[in-house]
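Novice: With the hints as a guide, bring the two chains together.
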Amino acid sequence: SQQGEEDPQALSIQEGENATMNCSYKTSINNLQWYRQNSGRGLVHLILIRSNEREKHSGRLRVTLDTSKKSSSLLITASRAADTASYFCATLKETSGSRLTFGEGTQLTVNP
Amino acid sequence: EAGVAQSPRYKIIEKRQSVAFWCNPISGHATLYWYQQILGQGPKLLIQFQNNGVVDDSQLPKDRFSAERLKGVDSTLKIQPAKLEDSAVYLCASKGYVYEQYFGPGTRLTVT
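Top to bottom, those sequences are chains L and S.
Its first residue numbered 3, the first sequence is counted upward by one per residue in my numbering.
Its first residue numbered 1080, the second sequence is counted upward by one per residue in my numbering.
Rather than coming from a laboratory, the hints here were simulated on the basis of the structure.
Every value quoted in this text rests on a predicted model; they were computed, and no experiment measured them.
In this text, a Cβ means the ideal position worked out from N, Cα and C, and glycines have one as well.
There may be inaccurate statements among the hints.
[What the hints assert, rightly or not] Here are a few chain S residues that face chain L, going by a calculated C-beta distance under 7 Å:
no., residue
1, P1122
2, D1153
3, Y1178
4, F1182
5, G1183
[Unchecked claim] Quick list of in silico lysine to aspartate or glutamate cross-link-like pairs, DMTMM-like style, CA-CA up to 20 Å:
no., chain 1, residue 1, chain 2, residue 2
6, S, K1123, L, E106
7, L, K95, S, E1179
8, L, K58, S, E1179
9, L, K95, S, D1135
10, S, K1123, L, D68
11, L, K28, L, D85
12, S, K1123, L, D9
13, S, K1174, L, E96
[Said to hold, decoys possible] FRET-style restraints, in silico, Cβ to Cβ:
no., chain 1, residue 1, chain 2, residue 2, range
14, S, Q1096, L, R52, 43 to 49 Å
15, L, S60, S, Y1176, 15 to 21 Å
16, L, S14, S, I1117, 34 to 40 Å
17, S, A1109, L, G18, 20 to 26 Å
Isolated chain S (complex conformation) (with noise of 0.2 Å):
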């Protein structure tokens, strides 16, 4: 099967700039998530999807961080405006009807 898709792979801004990365998750999977991974810390949730609803938002800096996932199946994780500390790696993971989650390439952002 098709693993999850995330593009683009890269992305340089500069500070203020706006950004935004996407997801395709493995077909079927109700579950997606975006986590946020700075380098040498492992990831860290930044919202959680179920089908086209949002069930854990919690930990989303929502003043500049967006994201949806309309139809319940593509999903856009936004950032406007971008910070220096924004520079991380965004990780967009799927999940189906067991525990393990399956994780996409990564998109590294680097924000001069």
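Extracted from the complex, chain L is given alone in its bound form (with noise of 0.2 Å):
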């Protein structure tokens, strides 16, 4: 079953603004985790949250976790040209080793 699916698909925004990607997931799970993938690149991790906890911050990004509704949301405050990539979450479940299940991705535009 395909864990971690966010939404919207694509988003377009104007430098300055912020942007909102949510992801929802199925299962229990001990983290979940946001990565980064420029055009052509692999991914880079970007920011961690556990299940225990509520929201977590790293410079402009902004995680929340709902455990209760099984949702995620990564929030980028003040956008630039560069924030521009594929932005997927990943869930793990210890019981399944430490296997990351990735969902299908937010593809975001800032826009100049």
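Specialist: Right under this line is the structure:
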């Protein structure tokens, strides 16, 4: 079953605006991670939130986790053109080893 | 520190041919992963190694895909024979003691 589904699939904003991406998942998890992928490149880890945490910040990133709704959101504040990329949420359940299950991603375009 | 290295970066082959991808993880990382990322989708785990042992290969199409990690460092992923639907980016990632995975730039495979 698909674990980790992002919405929207695509988001286009202007520089300086905030971007919010959402992720839903189906089963219980130990943590949820967000990764960024620039065109034609590998993925880069952005932030991790554990199942007992509700909110986490890192620079211009803010992640929330609602385990009762099995959902997470990633907020990028004051976006820049360099934030243009695909963003993926990935869930980890320790009973499946350290396997990450990725969603389909949100393509973010930040227009200068 | 040096990142995860992969080669080749691009490969074009005809269906029914064979192909091999190479990955060199970050030094000291015991866990190594191979993912398949089809265009427009999130990465899907193919196989996970812990040192030179296989932890999870439940999603590896074993009739045509094989992977090894001799000596617990470098790894090779092979496809034989290739099918059109194998066209994708093959990502290698490694992990140390924390949850974060470090990804290589990937190998883009086109099967014609």
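Novice: The structure should be examined with respect to each hint, and the outcome stated for every one.
Specialist: For each hint, the structure was consulted:
1. P1122: holds (5 Å)
2. D1153: violated (17 Å)
3. Y1178: holds (6 Å)
4. F1182: holds (4 Å)
5. G1183: holds (5 Å)
6. S/K1123 with L/E106: Measuring from Cα to Cα gives roughly 10 Å; hence the hint holds.
7. L/K95 with S/E1179: holds (14 Å)
8. L/K58 with S/E1179: The given pair, whose Cα atoms are some 16 Å apart, holds under the 20 Å limit.
9. L/K95 with S/D1135: holds (13 Å)
10. S/K1123 with L/D68: Roughly 24 Å separates the two Cα atoms, so the pair is violated.
11. L/K28 with L/D85: violated (28 Å)
12. S/K1123 with L/D9: holds (19 Å)
13. S/K1174 with L/E96: holds (15 Å)
14. S/Q1096 with L/R52: 43 to 49 Å: holds (45 Å)
15. L/S60 with S/Y1176: 15 to 21 Å: Holds - the Cβ-Cβ distance for L/S60 and S/Y1176, about 20 Å, lies within 15 to 21 Å.
16. L/S14 with S/I1117: 34 to 40 Å: Roughly 23 Å apart at Cβ, these two residues miss the hinted range, so it is violated.
17. S/A1109 with L/G18: 20 to 26 Å: Violated, at about 43 Å.
In summary, the numbered hints that this structure violates are 2, 10, 11, 16, 17.
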